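Asks: Spelled out from the first residue to the last, the chains are:
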Amino acid sequence: MEQNVVVKTDENLEETARIGVYVCHCGLNIAQTVDCPRVAETASLLDDVTISKDIGYACSEPGQQQIKDDILEHGLDRVVVASCSPRLHEPTFRQMLQSAGINPYLLEMANLREQCSWVHMNEPDAATNKAEDLVKMAVSRIRLLQPLKEDTIPLTKRTLVIGGGVAGIQAALDLADNGYDVVLVEKRPTIGGVMAQLDKTFPTMDCSI
Amino acid sequence: MTDVGRHPKITLHTLSEVVDVKGYVGNFHVNILKRARYVDEKECTACGDCVKVCPVVRPDEFDLGLSSRRAIFSPFPQAVPSAYVINVNECLGHNPVVCAKCVEACDKDCIDFHMSDKEIVEDVGSIVVATGLDVYDPTELDEYAYARFENVLTSLEFERLINAGGPTKGKVLRPTDLKRPRSVGFVQCVGSRSAKKGGSYCSNVCCMNTIKSTLMLKEHYPDIDIKVFYIDIRAFGKGFEDLYMRSRRSGVHYLRGLPGTVEEEPDRGLKVSIENTATGKLETHHLDMLVLALGIKPAASTQRLQEMLGLQLTPDGFFLEAHPKLLPVDAATRGVFYAGCAEGPKDIKESVTQASAAAARAIRLMHKGEITTEPITSMVVEEHCKSCGKCAEVCPYNAIKVDVKRKTPAVVNTAACAGCGTCAAECPFGAIIMNHFTDEQILNQVHALLEEKPKEKILAFACNWCSYAGADYAGVSRLQYPPNVRMIRTMCSGRVDEKFIWDGFLKGAPVILVSGCHIGDCHYIDANHWTEKRIKKIHKKMSKLGIRPERLQLEWISAAEGVRFADVMQQMEVLREGVTSEEIAETIEILKKD
Numbered sequence: 001m002e003q004n005v006v007v008k009t010d011e012n013l014e015e016t017a018r019i020g021v022y023v024c025h026c027g028l029n030i031a032q033t034v035d036c037p038r039v040a041e042t043a044s045l046l047d048d049v050t051i052s053k054d055i056g057y058a059c060s061e062p063g064q065q066q067i068k069d070d071i072l073e074h075g076l077d078r079v080v081v082a083s084c085s086p087r088l089h090e091p092t093f094r095q096m097l098q099s100a101g102i103n104p105y106l107l108e109m110a111n112l113r114e115q116c117s118w119v120h121m122n123e124p125d126a127a128t129n130k131a132e133d134l135v136k137m138a139v140s141r142i143r144l145l146q147p148l149k150e151d152t153i154p155l156t157k158r159t160l161v162i163g164g165g166v167a168g169i170q171a172a173l174d175l176a177d178n179g180y181d182v183v184l185v186e187k188r189p190t191i192g193g194v195m196a197q198l199d200k201t202f203p204t205m206d207c208s209i
Numbered sequence: 210m211t212d213v214g215r216h217p218k219i220t221l222h223t224l225s226e227v228v229d230v231k232g233y234v235g236n237f238h239v240n241i242l243k244r245a246r247y248v249d250e251k252e253c254t255a256c257g258d259c260v261k262v263c264p265v266v267r268p269d270e271f272d273l274g275l276s277s278r279r280a281i282f283s284p285f286p287q288a289v290p291s292a293y294v295i296n297v298n299e300c301l302g303h304n305p306v307v308c309a310k311c312v313e314a315c316d317k318d319c320i321d322f323h324m325s326d327k328e329i330v331e332d333v334g335s336i337v338v339a340t341g342l343d344v345y346d347p348t349e350l351d352e353y354a355y356a357r358f359e360n361v362l363t364s365l366e367f368e369r370l371i372n373a374g375g376p377t378k379g380k381v382l383r384p385t386d387l388k389r390p391r392s393v394g395f396v397q398c399v400g401s402r403s404a405k406k407g408g409s410y411c412s413n414v415c416c417m418n419t420i421k422s423t424l425m426l427k428e429h430y431p432d433i434d435i436k437v438f439y440i441d442i443r444a445f446g447k448g449f450e451d452l453y454m455r456s457r458r459s460g461v462h463y464l465r466g467l468p469g470t471v472e473e474e475p476d477r478g479l480k481v482s483i484e485n486t487a488t489g490k491l492e493t494h495h496l497d498m499l500v501l502a503l504g505i506k507p508a509a510s511t512q513r514l515q516e517m518l519g520l521q522l523t524p525d526g527f528f529l530e531a532h533p534k535l536l537p538v539d540a541a542t543r544g545v546f547y548a549g550c551a552e553g554p555k556d557i558k559e560s561v562t563q564a565s566a567a568a569a570r571a572i573r574l575m576h577k578g579e580i581t582t583e584p585i586t587s588m589v590v591e592e593h594c595k596s597c598g599k600c601a602e603v604c605p606y607n608a609i610k611v612d613v614k615r616k617t618p619a620v621v622n623t624a625a626c627a628g629c630g631t632c633a634a635e636c637p638f639g640a641i642i643m644n645h646f647t648d649e650q651i652l653n654q655v656h657a658l659l660e661e662k663p664k665e666k667i668l669a670f671a672c673n674w675c676s677y678a679g680a681d682y683a684g685v686s687r688l689q690y691p692p693n694v695r696m697i698r699t700m701c702s703g704r705v706d707e708k709f710i711w712d713g714f715l716k717g718a719p720v721i722l723v724s725g726c727h728i729g730d731c732h733y734i735d736a737n738h739w740t741e742k743r744i745k746k747i748h749k750k751m752s753k754l755g756i757r758p759e760r761l762q763l764e765w766i767s768a769a770e771g772v773r774f775a776d777v778m779q780q781m782e783v784l785r786e787g788v789t790s791e792e793i794a795e796t797i798e799i800l801k802k803d
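Protein chains in written order, with this note's numbering: chain A, 1 to 209; chain B, 210 to 803.
Check the hints yourself; a few may be wrong.
Here are some, though not all, of the chain A residues that point toward chain B, as calculated from beta-carbon distances under 7 Å [as the list claims (entries may be wrong)]: (1) Leu72; (2) Lys130; (3) Lys136; (4) Leu144; (5) Ile153; (6) Ala167; (7) Ala171; (8) Ala172; (9) Asp174; (10) Val182; (11) Val183; (12) Pro189.
Because the hints were derived from the structure by calculation, they are not lab data. If you're wondering where the values come from, they're calculated on a predicted model, not measured in any experiment. Virtual Cβ for every residue (Gly too), placed ideally from N, Cα, C.
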């Protein structure tokens, strides 16, 4: 995989953020439309960006390892991953940051796949411009992100199952057999649901009750 | 089923409905309305003495009206709980007691007319939604004449007829003359895969249900003539194709084409006209009985539960999962899981699989006995707080307490705060910081995107749960839209502060879009009501200042509305093209003065 790596050597770095930017190709999912090396290069010129790379698959084991290595080598304290939707891989990359010793909330994702390459497939230039903007927005936001701490609160070890058809029955039994208290609510006078009304059922051809 | 009744870990509430859910993952408070059974569940031995004396005869809903029952009854022999139940609306009178024959007949004194409906409160950590399905009502498809001819049955009625425990003890008899039909037709896709009536989706179970029924019929009556009218047979699961082939080999005729009309003949038989699309010919078939393979539709209770738990629905009306591939049984609301047809049409095996998965997901959440809370919550800056109480008013979770009289600063209960950020947007004094979505963090994004060539860009705010997910869905569906849209994600549209809008216009944005969940679908109960109010307020102010209000748009886009998202983006582009450089410059001047 061809990679454009730009590392800035900034001497007075104590005060400022040290941001790593990773522009993911996602195979060809992003790279077919968006010029990933160009996006990485543009990002490298942004303030506080210490390192900016394009990367084959950011979510893969080697991809994550590379980011982790960079965190240690370049003393990164924040990471922008420009790849798929944060609704998909935000937890993945947050975990990665945590394992590299960075607060998991110092991550920002730029959505270059679902909201860029896949929806502007016929306009590679415009898509690349957009990708540059999305990364720039992510960098401008990440500068101000604060580390956050998760709290733990007690939890009631009981489950409410709404509906006593075959699905509700199975869920209730699995939970109860695992030692959890279950409250099963059924609006009819009996459980069984539609299943109970059926005659023989495939493939066993036995009674459904 | 009996395992459920006996299990020491399961509390079963029948005749019950969930009427309210409060709280959050790990700590839900659930109100359940339990209607009176009028028979002691524990004492009743289901001897049936009461039934013999009850004078009220009503159609039996379990047999779909094909048989009758009394006002005191057990739905079916294997019912759980086995206790009888009185339908109090049918009973001649329980208050004052009119007939009371059942009370006299019951040796164990189980019948108690003084029972009343109860409201029960249960505390739980997780919720499995397994509300099942309703079947399609075929009366609107008049061409199949279900409402007109008695010998047209539904697939569920047929199940009762061929069931040994059913009204005919498993003998298939035609309703009009109680004789065995010599020929039976099955009509597929009734209420499914239709653009006009019923659902446009495939109901998943009807093909296999019919194939099974044809085999059962052939097993009972080898000489019976069976015809299946179909669009195509979907036998996609393990062992399904085998069953289909067995049915064909046993002599069942499969004819590609759905009936155009069904007419009744003098002998009460049915004349079914189809266009056979395999041969291209119009055909008429004479059948003794016709069975409509009914499709599955979302349960009637779906919408109420959706509002109660802040869930999302697909356009079909079934519950929407958090991710179609990776989180197929999780709801977007943490701590809520789906099982069975509530999430979409499925057969028994799939329902059971999904139910086990939902149980495992719930256990995964609960096994530690504690959960980590999302730190994306709001925070009060005490020095700035004037104790006006606005934040407490707008909070959908009552997570903020302010003593307006004593003027003590607001306090956020972070465990109850779900992180919508509406309080931060509504606070008139900037005294609330929404962690991870602070004013500065969001404004920095606005500035970054409008730094160069702002006139060419569309600034769009989208809520995480619906509109941003809708945009992702547009991506997954490869729907193409103008590439000059720049999205800023907030957890809720309620977070979109007035100042983000003014700042956007001040920095030269031609148009701005605010998008969120549909009213009633908000992930944060009703926070998007405040979005709506706020946008109205900004629109008024824009008119007053001489800025065209159309330049700020508010759209509700759900997670399943990828097409709508792409359409809205096209409309925004049209709007943007109508904004001139002069107009933008003028707006900037106006806002600078203001």
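Asks: So which of the earlier hints does this model not fit?
Replies: 1
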